[in-house]
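Novice: Heads up: the sequence lines are chains V and R, in that order.
Numbered by our numbering, the letters in the first sequence go through residues 1 to 254 in order.
Numbered by our numbering, the letters in the second sequence go through residues 1001 to 1177 in order.
Quick caveat, the hints were computed from the structure, so don't treat them as lab data.
Glycine is no exception: its CB is placed at the ideal position from the N, C-alpha and C atoms.
It is possible that some hints are incorrect.
To be verified - In the DSSO-like style, the derived pairs of lysine-lysine whose C-alpha atoms are separated by at most 27 Å in a straight line are:
1) Lys1153/R / Lys27/V
2) Lys1006/R / Lys1027/R
3) Lys1156/R / Lys5/V
4) Lys1066/R / Lys1153/R
5) Lys5/V / Lys21/V
6) Lys1057/R / Lys1085/R
7) Lys1006/R / Lys1066/R
8) Lys5/V / Lys1153/R
9) Lys1169/R / Lys1156/R
10) Lys1087/R / Lys1066/R
11) Lys1154/R / Lys21/V
12) Lys27/V / Lys1156/R
13) Lys1153/R / Lys21/V
14) Lys1006/R / Lys1053/R
15) Lys1085/R / Lys1027/R
16) Lys1154/R / Lys1169/R
17) Lys8/V / Lys1027/R
18) Lys1085/R / Lys1006/R
19) Lys21/V / Lys1156/R
20) Lys1053/R / Lys1066/R
21) Lys1066/R / Lys1154/R
22) Lys27/V / Lys5/V
23) Lys5/V / Lys1169/R
24) Lys1066/R / Lys1156/R
25) Lys1085/R / Lys8/V
26) Lys1087/R / Lys1169/R
27) Lys174/V / Lys1006/R
28) Lys1027/R / Lys1057/R
29) Lys1154/R / Lys8/V
30) Lys1154/R / Lys5/V
31) Lys1066/R / Lys1027/R
32) Lys27/V / Lys8/V
33) Lys8/V / Lys1156/R
34) Lys27/V / Lys1154/R
Claimed, not checked - What follows is a set of in silico ranges between Cβ atoms, one per label pair, in the way DEER data are often shown:
35) Asn1077/R / Arg64/V: 17 to 27 Å
36) Ser156/V / Gly1059/R: 14 to 24 Å
37) Lys1087/R / Gly161/V: 41 to 51 Å
38) Gln152/V / Asp1149/R: 37 to 47 Å
Chain by chain, the residues:
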Amino acid sequence: MIDDKYIKLINLEIDGAISDKDRNELKRYLESHPDALEDYNALRNTADMLDGTEEIEPPAALSRNIIESIFERHSEAKGRCLSTGGVSRRTFRWRPGFAFAAGIIAGLFLFASAMLFVMKSPIGEGNLYGTITGSKETAVQRTAAIDGPGVQGSVSTRRSGETIVTELEIWSPKEILVQFIHGDDIYFESVRTERPGTPRISVFAGRIELALTGEGEYIIGLNDRSGSRSPIDLRITSNGDVLFEERIVQESER
Amino acid sequence: MAEDEKIIMRIEFDRGAFEAIVEEYTKPVFNIAYRMVNDYEDAMDITQTTFMKAYEKRGSYDSRYKVFSWLYRIAVNESLNHIQKRKRESNLTYDPADRRLTPEQIMIQNETAGRVQNAIMDLGLDHRMVVVLKHFQHLSYAEIGTILDIPEKKVKSRLFSARHLLKEKLSAKGFKQ
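Just chain R, with the same shape it has in the complex:
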């Protein structure tokens, strides 16, 4: 039995095992959500929903996944659901990049980070997902493929074209390369 599978099995009896997972992965899950939706409060909600779903679905945990890739997969899906829901709710074209930053966000984002984040929000969702997982979570092509359930080859092609798009967008915004 893989170590990650054991961890998930322990959750059944041991509250501490799940608490340890939440403590360890809150920050990366929150960051994935934040990079996907560009909203601090929404990222908190998505993080909470991710762990809620992980706890409820622990019985159907697939041992092919590592704990982190299982969680990140849920987080990415929840982020996508959230974006879709926002689009439906607003009944307008939802563009998270247009959302106003809270004072807290302004404080935590310096100019460069803010521009980078805005450029990421200009990407389509397929491109955004691979960039977030590659450059903010530093995952391998194979790990990203597992999380997104796409072949490694597709991960590379999406990532390569996403980076070229980002380069163009950052140049267009006057960012010196």
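The following block holds chain V by itself, in its conformation from the complex:
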């Protein structure tokens, strides 16, 4: 009859979870108890047999089939209900008519002003903080540091197909304004953050703005549902200081 204590130590030893002290104690015990040693060997063989059993190969097409069926089902569901979480586009579609018209006019004015500003101020090292350089169009999965007065962090952008994802990490309690300036074909999907509360979001014709407050990580999703592939200018500012500017273009245009 093996003492319960040693049954436990035998199992811990088999799992590689035993301390050196206990291993030495177990060794001494097994040397003086042949029945326990026999049991240990049998258990060890059982464990080795289990560990040595080869994995079963699933069908080669299983992953692909799963992916296709999930997204097929999801797109059907999405077709029935446009709202997909976060902030719904519908929120902005069903405002009273006069507010909508006023918004369009204001948006066009701001868009024209922004475009004028962008055209007059090409992106260059002179008006940027941190490591962002050049006016060349940048493409997918680019990560860069943000380093402005009292604000540090990082930003990465990715554009592939309809999806435009911007990930931001901010290490400052200051308010950050994130602007996406685009043609008229980009839609705001949602913003995700672990911070409580919702960032302030404004959607204009040709421009989407998010005011983010406080340290944290944010993932912002935009959608180019019409497939226009028009470039999007991302601008991040704080108190009027430009922290980051980048033109996000389609992957294939890299």
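Start from chain V and add chain R according to the hints.
Specialist: Same frame as chain V, but now just chain R:
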């Protein structure tokens, strides 16, 4: 924010992020299901349902979990649901160990692996789960405890007694230890 939480958040906007998860975890999830139900076709169904549920429940992902432990938890639960459903459907005592192997299964299982699998199917579900997660997915006691939502101490006691039972069963089946 933990890296795994970021991955789940990315799924919201990025189909590629979810595709990468499916590609990476199809095989382990399939193997968990297969070891639990001992049927190739059923394991395929459980794998599909696992990822379907993961995608649908991504909004309620609990950041205490790693992506793999979140998926394995769903896979184990789906396997248990499947076994229960089979029991109800057959209206008889369902014993997956009695199910016939397909020619494909026979090909992929050598004699030893087949006997080991049959011995595993003789175990109760509580014992089977810990053996599958420990010996086929090589997880730690703590990871198994997280997936099964039981204390580490209970993981050890179940695993230790499961291994003793397996040793006895394999001996009884004439398998030389």
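Novice: Confirm or reject each hint.
Specialist: The hints, checked one at a time:
The hinted pair formed by Lys1153/R and Lys27/V meets the criterion: a straight-line CA distance of about 24 Å does not exceed 27 Å. Between Lys1006/R and Lys1027/R the alpha-carbon distance is near 23 Å, which keeps this suggested pair within the 27 Å criterion. With a C-alpha separation of about 13 Å, the suggested pair Lys1156/R and Lys5/V falls inside the 27 Å cut-off, and the hint holds. Proximity of Lys1066/R to Lys1153/R is assessed by CA-CA distance (about 21 Å); at most 27 Å being required, the pair is judged to hold.
Taken as a hint, the Lys5/V and Lys21/V pair is honoured in the structure, with Cα atoms around 14 Å apart against an allowance of 27 Å. This hinted pair checks out: Lys1057/R and Lys1085/R have alpha carbons roughly 22 Å apart, not beyond 27 Å. A hinted pair counts as satisfied when its Cα atoms are at most 27 Å apart, and Lys1006/R with Lys1066/R qualifies at roughly 11 Å. Distance restraint check for Lys5/V and Lys1153/R: the Cα-Cα separation of roughly 14 Å lies within the 27 Å cut-off, and the hinted pair is therefore satisfied.
Pair hint Lys1169/R plus Lys1156/R holds up; C-alpha atoms about 20 Å apart against a cutoff of 27 Å. Annotation: proposed proximity of Lys1087/R to Lys1066/R is violated, straight-line Cα distance about 32 Å (limit 27 Å). Our distance criterion of 27 Å between C-alpha atoms is met by Lys1154/R and Lys21/V, whose separation comes to about 23 Å. For the hint linking Lys27/V to Lys1156/R, the alpha-carbon distance of about 21 Å falls within 27 Å, and the restraint holds.
Our distance criterion of 27 Å between C-alpha atoms is met by Lys1153/R and Lys21/V, whose separation comes to about 20 Å. Between Lys1006/R and Lys1053/R the CA atoms are separated by roughly 19 Å; this keeps the pair inside 27 Å, and the hint holds. Taking the CA atoms of Lys1085/R and Lys1027/R, the gap is near 24 Å; set against the 27 Å cutoff, the hint holds. Among the hinted pairs, Lys1154/R with Lys1169/R is consistent with the structure: their alpha-carbon atoms are about 22 Å apart, no more than 27 Å.
A C-alpha spacing of about 32 Å is found between Lys8/V and Lys1027/R, which places the hinted pair above 27 Å, so the restraint is violated. Restraint check for Lys1085/R and Lys1006/R: the C-alpha separation of about 35 Å exceeds 27 Å, so the hint is violated. Under the criterion of a C-alpha separation no larger than 27 Å, the hint pairing Lys21/V with Lys1156/R is consistent with the structure, at around 20 Å. For the suggested pair Lys1053/R and Lys1066/R, the alpha carbons sit about 16 Å apart, so the restraint of at most 27 Å is met.
The hinted pair formed by Lys1066/R and Lys1154/R meets the criterion: a straight-line CA distance of about 21 Å does not exceed 27 Å. Under the criterion of a C-alpha separation no larger than 27 Å, the hint pairing Lys27/V with Lys5/V is consistent with the structure, at around 13 Å. Of the supplied pair hints, the one linking Lys5/V and Lys1169/R holds, its CA atoms being roughly 23 Å apart against a limit of 27 Å. Pair hint Lys1066/R plus Lys1156/R holds up; C-alpha atoms about 21 Å apart against a cutoff of 27 Å.
Between Lys1085/R and Lys8/V the alpha-carbon distance is near 36 Å, which puts this suggested pair outside the 27 Å criterion. At most 27 Å may separate the alpha-carbon atoms for a hinted pair to count; Lys1087/R and Lys1169/R meet this at roughly 23 Å. For the suggested pair Lys174/V and Lys1006/R, the alpha carbons sit about 23 Å apart, so the restraint of at most 27 Å is met. Under the criterion of a C-alpha separation no larger than 27 Å, the hint pairing Lys1027/R with Lys1057/R is consistent with the structure, at around 21 Å.
Annotation: proposed proximity of Lys1154/R to Lys8/V holds, straight-line Cα distance about 13 Å (limit 27 Å). Between Lys1154/R and Lys5/V the alpha-carbon distance is near 16 Å, which keeps this suggested pair within the 27 Å criterion. A distance of roughly 17 Å separates the Cα atoms of Lys1066/R and Lys1027/R; the hinted pair therefore holds under the 27 Å criterion. The hinted pair formed by Lys27/V and Lys8/V meets the criterion: a straight-line CA distance of about 13 Å does not exceed 27 Å.
With a C-alpha separation of about 9 Å, the suggested pair Lys8/V and Lys1156/R falls inside the 27 Å cut-off, and the hint holds. Taken as a hint, the Lys27/V and Lys1154/R pair is honoured in the structure, with Cα atoms around 26 Å apart against an allowance of 27 Å. Look at Asn1077/R against Arg64/V: about 25 Å separates their beta carbons, and that is inside 17 to 27 Å. For the pair Ser156/V and Gly1059/R, the beta carbons lie near 23 Å from each other, so the given range of 14 to 24 Å is met.
A beta carbon spacing of about 44 Å between Lys1087/R and Gly161/V agrees with the range 41 to 51 Å that was offered as a hint. As the Cβ distance of Gln152/V to Asp1149/R is approximately 39 Å, the hint placing it in 37 to 47 Å holds.
Comparing the model with each numbered hint stated earlier shows that hints 10, 17, 18, 25 do not hold.
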